[in-house]
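Those letters in the sequence shown? Residues 1 to 219, by the UniProt record's numbering.
I should point out that these hints are in silico values taken from the structure, not numbers from a laboratory. Backbone N, C-alpha and C define an ideal beta-carbon position, used for all residues, glycine too. Hints are not guaranteed to be accurate.
FRET-style restraints, in silico, Cβ to Cβ [to be verified]: (1) I188 to K106: 52 to 62 Å; (2) I188 to E153: 47 to 57 Å; (3) R172 to Q151: 42 to 52 Å; (4) I108 to I152: 49 to 59 Å; (5) E123 to K187: 19 to 29 Å; (6) R186 to L162: 30 to 40 Å; (7) R124 to H185: 42 to 52 Å; (8) D86 to E123: 46 to 56 Å; (9) E115 to E80: 16 to 26 Å.
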Amino acid sequence: MKGNKFGLTIQKKPEEDKQTLKPSSVFDTNSDDDNLEKETNDEKFQRKYAVPTKLKDKKILEKAIAEDPTIFDYDSQYEEMQKVRDQKIIEQKEADKEKKPKYAHKLIETHKRRELEKLLHDERTYKKEREKEAGEFDDKEVFITGEYRKQIEERESFRKELEELDKMDEIRDVKNQKLWQQAFHRKILEDRARVYPDTSNNSQKEENNIKEEENEEKL
């Protein structure tokens, strides 16, 4: 068995026939004719398949216009967008106007407190200067100018206004706290009445007591 081979055998690739290229002749016009024929075929291909694409786009365009006739009316769309934007600006301005009164009270109060603090600071500074000069001008007559008298009056006026505001805040805080407590107790009574119906009489009495307290506070 001399003809049989075992193991890994690598077959040699058959040698390819080497083709020699002939130099193109000056009088060889076949290549030019082929190019002309190829270009003509490309043009035919474009004409053949470009028309359906245009028709498809036209159908899509017609469908879009049928659904929304103003799809290409850019002027009206811009005007509509501008109207929406202007409306939002107006709404924002109205919201800002509503917010201003809520904070106006606090701003005025803060401003008055700063003015009072400034006047008190000036008064303390003036007293310290007078203490340093103690005895030097005891025999001199003291004159109070109109400007200084005006500052004293403003200081007292600011102080009274701030005291009234502080009292109102305290009353408001206490009232809110009482209202919260009453609402809390009422909620407990309602929950107890739902869970324990037998205690409804006691709950009614407690609720009546709460109402009496509310009426007394109003008076």
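Against the structure, the hints:
1. I188 to K106: 52 to 62 Å: About 35 Å separates the Cβ atoms of I188 and K106, which means 52 to 62 Å is violated.
2. I188 to E153: 47 to 57 Å: holds, 53 Å
3. R172 to Q151: 42 to 52 Å: violated, 31 Å
4. I108 to I152: 49 to 59 Å: Taking Cβ atoms as reference, I108 and I152 lie about 22 Å apart, which means the hint is violated.
5. E123 to K187: 19 to 29 Å: violated, 52 Å
6. R186 to L162: 30 to 40 Å: holds, 36 Å
7. R124 to H185: 42 to 52 Å: holds, 49 Å
8. D86 to E123: 46 to 56 Å: holds, 54 Å
9. E115 to E80: 16 to 26 Å: The hint (16 to 26 Å, Cβ to Cβ) is violated, given that E115 and E80 are roughly 51 Å apart.
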